[in-house]
Amino acid sequence: MFPVLKSFIALYSSILFLMMGVSLLNSYLSFRLSSEGCSTQITGVILTAYYVGLVVGAFYCKRMIRSVGHIRAFAAFAAGTTIVVMLHGLYVSAPLWTGLRFVTGISNMGLFMVIESWLNECAEPKVRGRVFSIYMIMAYLGGAIGQKLLVVGSVETQAMYMVVGVCIALSIIPVSLTHSIHPELPRAEKIKLKTIFKKAPIGLIGCLSAGMMTSAFYTMGPVFTQQMNLTISQMSWFMTLSILGGLLLQWPVGNFSDRFDRSLVLPFLGFVVTGVSLLMIFFAQNSINALLGATILFGGFVFTLYPVAVARAHDVFDVEDVIKVSSALLLAYGVGSSLGPVAVSTVMTLSGSPYGFYFYFMGISSLYSVITLLLRQKESVQILPAEEQVDFVMMKKTSSVALHMDPRQDEDQDEDLNGDQGEGGDQSKEEEN
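Position 165, counted from 1, in the sequence shown is what the numbering used here calls 165; the numbers after and before it change by one each time, with no gaps.
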């Protein structure tokens, strides 16, 4: 692992600093809007613009990267993000902040694309899995550290914007000083969502549901903590522990899904999220410390739903379709992410209680589980024995470029290579005879 870490230290450092800034800004803006008296509903609408920007950026950022190169594009996107962050400090305005969040989403997608395409181009197939795993770890750690930066300065002043700006600026330095080659952006692989839904509805709906829950947590989690009268320190721990839970439970949940039928594992995970959400409501009423501890489980199961759903879809598709299928699933996740903040804020508003935050997760997760079981019962899905399923892989939910680092796509190349070697071996034997 250490040689791999050394080879890509610049890119890993950049994603660490970038995720620190992105994570801090997301939580801070959510808290700031709530503290300024903005309604829960309006807060959800403003913050959902970021995820819409990510989806739009996935279609347009590639052009700029191809035209000016990776280093210049990264510097431009980072500078744009920093400027937009500072503009938030001018004054609190719902229309202004909605537009700024949208632009931030586009810029951040460009930053993710640069780093991920660089890793994909420079990583050899035999170490791609390790490169991808370390990248995921750095992204999760950056997100967790960013949440703890909430206690660095007063959230009532402009200091947080400066901290975010510093994090984004720090991400430019490693990329700017690297001597690595300029990689080529991989071409987009297209496949119709209708095809995915027809063959792998459980995986597609799972990615949509995961997007709705993940974005809901990131945007309205700080609002929930404020409505519960938690301190800034407690809020930062609440968000940090959830993200770390998502990292820590990746391997055990993934290993569990490799051993059992994923068409049953996914509804099981959904019901677990429902149960943990109910437990969170109980703890929130009785013990804040217990709430903070249990959020590790909550984040762990919410954040692992997406990679398991992706693995389920790959179970029923051929290996050569890995990139195309993953791209479609990422789009479904993006659509879900765009819906999540508005949906959860609506539920919280209608419930008239901060516990509406967990009512939302209970509703989405249980509904997904029921739909999955109905599809399975009606034989609308293909059921595979565990030994025929593909391996679980941690998935990064940013740009489609990261999908090219998925080690599952190399299985097809290995099979072709083994087949060629077999034919060559047979031919040699015939010549000897």
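Fair warning: there could be bad hints in the mix.
Here are the simulated BS3-like cross-link-like pairs (lysine-lysine), alpha carbons at most 30 Å apart as the crow flies [unchecked claim]:
1) Lys-324 - Lys-199
2) Lys-198 - Lys-324
3) Lys-324 - Lys-194
4) Lys-324 - Lys-148
Restraint-style ranges between C-beta atoms, simulated for each label pair [stated by the list, open to error]:
5) Gln-234 - Ile-137: 39 to 45 Å
6) Asn-229 - Arg-259: 15 to 21 Å
7) Leu-374 - Tyr-60: 37 to 43 Å
8) Phe-282 - Asp-318: 32 to 38 Å
9) Lys-194 - Lys-148: 32 to 38 Å
10) Val-92 - Arg-66: 44 to 50 Å
11) Thr-231 - Thr-349: 41 to 47 Å
12) Pro-252 - Arg-130: 39 to 45 Å
13) Val-151 - Ser-287: 29 to 35 Å
The hints are simulated quantities; they were obtained by calculation from the structure and are not laboratory data.
Note that this is a predicted model, so its numbers are computed, not measured.
For each residue, glycine too, the CB sits at the ideal point set by N, CA and C.
CB-CB spacing for Arg-259 and Asn-229 relative to the 15 to 21 Å hint: This hint is violated: roughly 43 Å between Cβ atoms.
Regarding the pair Lys-324 and Lys-148, is the alpha-carbon distance no greater than 30 Å? Since the Cα atoms of Lys-324 and Lys-148 sit roughly 37 Å apart, the hinted pair is violated (cutoff 30 Å).
Does the Cβ distance between Leu-374 and Tyr-60 fall inside 37 to 43 Å? holds, 38 Å
Using the Cβ atoms, figure out if Thr-231 sits within 41 to 47 Å of Thr-349. violated, 24 Å
Val-151 paired with Ser-287, Cβ distance criterion 29 to 35 Å: violated, 22 Å
The hint says 32 to 38 Å between Lys-194 and Lys-148; measuring C-beta to C-beta, is that right? violated, 43 Å
Does 39 to 45 Å hold as the CB distance between Pro-252 and Arg-130, or does it fail? violated, 19 Å
Keeping to a limit of 30 Å between CA atoms, is the pair of Lys-324 and Lys-199 held or broken? With a Cα-Cα distance of about 14 Å, the restraint between Lys-324 and Lys-199 holds, given a limit of 30 Å.
Does the beta carbon distance between Gln-234 and Ile-137 stay inside 39 to 45 Å, or does it fall outside? violated, 26 Å
Starting from the hint 32 to 38 Å, judge whether the C-beta atoms of Phe-282 and Asp-318 obey it. About 46 Å separates the Cβ atoms of Phe-282 and Asp-318, which means 32 to 38 Å is violated.
Please work out if Lys-198 and Lys-324 have their alpha carbons no farther apart than 30 Å. Roughly 15 Å separates the two Cα atoms, so the pair holds.
Hinted pair, alpha-carbon criterion (30 Å max): Lys-324, Lys-194. Please report holds or violated. holds, 13 Å
In this structure, the earlier hints numbered 4, 5, 6, 8, 9, 10, 11, 12, 13 are contradicted, and the remaining ones agree with it.
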